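Chains as they are written, first to last, in this note's numbering: chain E, 18 to 350; chain B, 18 to 350.
Keep in mind that a hint or two might mislead.
Which copy is meant is left open, because identical chains are indistinguishable; a pair holds if it fits in one copy or across any two.
[What the hints assert, rightly or not] 20 Å max Cα-Cα, derived SDA-like pairs, lysine to any residue: (1) Lys272 with Leu38; (2) Lys19 with Glu252; (3) Lys19 with Phe223; (4) Lys27 with Asn307; (5) Lys198 with Leu262; (6) Lys19 with Val343; (7) Lys116 with Val129; (8) Lys116 with Val57; (9) Lys27 with Tyr296; (10) Lys103 with Lys198; (11) Lys103 with Ser259; (12) Lys116 with Ser297; (13) Lys269 with Met18.
Hints in this document: simulated from the structure, not taken from any laboratory. The model shown is predicted, which means the values in this text are computed figures rather than measured ones.
Number of protein chains: 2
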Amino acid sequence: MKKFLNHPEKVVDEMLEGLLLAHSDLLRSVISDNRALVRVDAPVHNKVAISTGGGSGHLPLFLGYVGKGMLDGVAVGDIFASPSSKQMLDVTRAIHGGKGVLYIYGNYGGDVINFDTAAELADLEDIRVETVVATDDVASMPKGYEQQRRGVAGLFYLYKLAAAKAETGADLDEVKRIAEKANARVRTMGVALSPCILPAVGHPTFQVAEGEMEVGMGIHGEPGIQRGSLQTADEVAATIVSAILQDMPIEKGEKVSVLINGLGATPLEELYIIYKAVYSLLTDQGIHINCRYIGEFATSLEMAGLSVSILHLDDELCRLMEAPFVTPFRIQH
Amino acid sequence: MKKFLNHPEKVVDEMLEGLLLAHSDLLRSVISDNRALVRVDAPVHNKVAISTGGGSGHLPLFLGYVGKGMLDGVAVGDIFASPSSKQMLDVTRAIHGGKGVLYIYGNYGGDVINFDTAAELADLEDIRVETVVATDDVASMPKGYEQQRRGVAGLFYLYKLAAAKAETGADLDEVKRIAEKANARVRTMGVALSPCILPAVGHPTFQVAEGEMEVGMGIHGEPGIQRGSLQTADEVAATIVSAILQDMPIEKGEKVSVLINGLGATPLEELYIIYKAVYSLLTDQGIHINCRYIGEFATSLEMAGLSVSILHLDDELCRLMEAPFVTPFRIQH
């Protein structure tokens with residue numbers, strides 16, 4: 018294992034300490050272990066507050082999306098492990114501005130249990146909480162079982178759109194409606210070329226042989242749908258776009274947003290080569306790319322690989338996509 | 018070699034095509050091979066124009082810094098290879114807004130020869146060109162030979178500061194003075210954990226053994242000053258900060274900007290752990306970190322490693338650091 022760290026078991030604590038030192042103008046911690054973080058100006062009164070959370074090791078997910086025009090708070094766990102319901106409740110209390118709180122997070126067992134518990138506890142304190150669970154990974158379950166799918170990089174769109182709606186002063190039901198609409202209209206599929214190493218484990222938890230790739234692998238190394246020979250960039254793009262459009266047909270003339278997400282070790286140069294291929298595949302079918310994001314949005318430590326997310330836009334979502342936001346890792350102007 | 022690509026020899030062309038498709042609102046190509054790119058609104062009249070260039074494979078360097086509040090144009094070569102003087106001249110013509118052009122680039126033989134030729138050719142067309150070559154890599158040559166050092170991630174500061182000055186309407190001599198001042202006051206040192214693979218080569222051009230790291234390695238794999246056992250994050254930070262401060266002493270009470278740059282495969286989590294250590298080392302000596310940048314600014318494909326740059330600020334540089342900019346990869350608000 019070759020990593021820049023001091024103690025494998027202190028990676029998350031030291032990372033959070035560095036992050037808070039770096040971004041004290043944007044983020045603050047509400048509990049002593051720094052696992053519950055909120056916007057520096059939280060709570061924002063008369064705005065629906067939005068919270069997320071999940072395991073560490075996915076930066077800029079989850080911490081990177083807290084800020085004006087984005088999320089109000091986040092609870093983070095150890096590497097690839099859920100935060101506790103106590104940490105989520107601490108965030109909930111700190112961000113509630115009088116209009117309720119929306120939880121948006123990815124569909125993983127531990128997170129679901131802990132967020133549900135936190136919501137029940139918040140209810141006892143008269144904080145109304147609603148929940149939308151992201152299920153954008155088409156490779157994780159077949160059609161018909163959408164609600165059992167994992168949530169991956171498409172979470173970015175749920176955050177972005179719900180947050181833009183919340184900034185307009187909309188109530189909790191309306192903000193929740195937008196998050197559900199985004200989830201219903203986004204699909205993601207990933208391809209992994211190499212594993213990552215958990216600092217506390219010290220060796221890869223799985224292997225992808227030289228010359229092979231795993232299609233549909235999850236961001237914690239969950240098995241994909243197909244392991245086979247490494248394909249060209251054009252073939253990888255075609256595999257992903259075809260799987261997504263088969264699952265979620267998009268008519269000629271419709272608009273989409275595309276997110277090309279690097280999983281950690283894949284050079285930005287390769288993400289642009291994939292974008293070129295995705296662009297051709299979509300425009301050949303008469304589908305317009307209205308806005309695109311290319312970079313690292315949801316990583317898996319130093320895993321090599323990428324995912325492509327496609328969000329099926331309509332006029333309402335287009336308008337919300339344009340809203341600005343300011344977070345530690347990404348600013349939209 | 019496991020990469021997302023179609024033809025190893027077409028990596029740069031396909032990357033540029035994808036990049037122009039993605040960012041046509043910010044960038045445009047001025048020649049048919051897309052190797053000369055400029056701000057979409059170039060030339061900006063009555064502003065000193067700033068151009069850079071260098072080999073591909075370092076995204077977001079060099080292309081990522083073209084945009085309002087940053088650079089006017091860029092010439093890019095093949096992976097790790099200089100662009101031609103013709104490409105540089107094409108950029109120069111396209112960005113010249115009547116107040117001259119400043120070239121800012123890293124100190125590498127091929128780039129120096131080609132930029133110098135382009136400057137001579139521009140002079141024949143009555144375009145005044147001045148040049149500042151970045152030499153921030155302390156590990157590349159000992160003290161006393163500063164002008165022979167390589168330019169690495171510290172280039173970001175030369176761009177940022179000179180561009181902010183140019184936006185104020187300053188003349189070419191003033192903008193050049195700021196770039197030279199930034200270069201004189203910035204130092205960088207890097208550590209590599211693993212090599213990168215050039216697509217056209219197909220295998221690593223060097224190796225760093227398991228359990229080892231190379232201190233001072235360049236962003237093209239140039240040998241460093243010391244190969245040894247992998248150190249902890251705190252030890253790596255101490256090695257770098259001590260080398261930089263020995264080369265460029267900074268008094269107690271002075272202000273700096275710090276840039277923690279990932280070389281490609283290093284998770285953002287680890288960069289924050291390094292930032293925490295650098296923060297402690299500097300504040301323990303009474304040095305204030307006025308602004309910080311953490312992420313990928315100058316990569317080497319999928320090399321694992323990082324560099325730390327320290328810019329010694331004064332009041333003039335502090336003010337220029339605050340100016341906003343909008344580029345394809347990074348926005349400052």
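Structure-based check of all given hints:
1. Taking the closest pair of Cα atoms, lysine 272 and leucine 38 come within 20 Å of each other only across two copies (16 Å); inside a single copy the shortest separation is 40 Å, beyond that limit.
2. Only between protomers do lysine 19 and glutamate 252 lie at most 20 Å apart by alpha-carbon distance; the minimum there is 14 Å, versus 32 Å within a single protomer.
3. Taking the shortest Cα distances, lysine 19 and phenylalanine 223 sit within 20 Å of each other both inside one copy (17 Å) and across copies (16 Å).
4. Taking the shortest alpha-carbon separations for lysine 27 and asparagine 307, neither the intra-copy value of 42 Å nor the inter-copy value of 27 Å comes in at or below 20 Å.
5. For the identical chains of this complex, lysine 198 and leucine 262 are intra-copy neighbours only, at 17 Å inside a copy versus 54 Å across copies, given an alpha-carbon limit of 20 Å.
6. With identical chains, the CA atoms of lysine 19 and valine 343 are never at most 20 Å apart, being 33 Å at best within one copy and 35 Å at best between copies.
7. Taking identical chains as interchangeable, the C-alpha atoms of lysine 116 and valine 129 are never at most 20 Å apart, the minima being 23 Å within one chain and 60 Å between chains.
8. In this assembly of identical chains, lysine 116 and valine 57 lie within 20 Å of each other by CA distance solely inside one copy; the values are 19 Å within and 43 Å between copies.
9. Only between protomers do lysine 27 and tyrosine 296 lie at most 20 Å apart by alpha-carbon distance; the minimum there is 17 Å, versus 42 Å within a single protomer.
10. Within a single copy, lysine 103 and lysine 198 get their C-alpha atoms no closer than 29 Å, and across copies no closer than 51 Å, so neither meets the 20 Å cut-off.
11. With identical chains, the CA atoms of lysine 103 and serine 259 are never at most 20 Å apart, being 42 Å at best within one copy and 42 Å at best between copies.
12. Taking the shortest Cα distances, lysine 116 and serine 297 never come within 20 Å of each other, neither inside one copy (44 Å) nor across copies (40 Å).
13. In this assembly of identical chains, the alpha carbons of lysine 269 and methionine 18 never lie at most 20 Å apart, being 48 Å within a copy and 37 Å across copies at closest.
Hints 4, 6, 7, 10, 11, 12, 13 from the earlier list are contradicted by this structure; the remaining hints agree with it.
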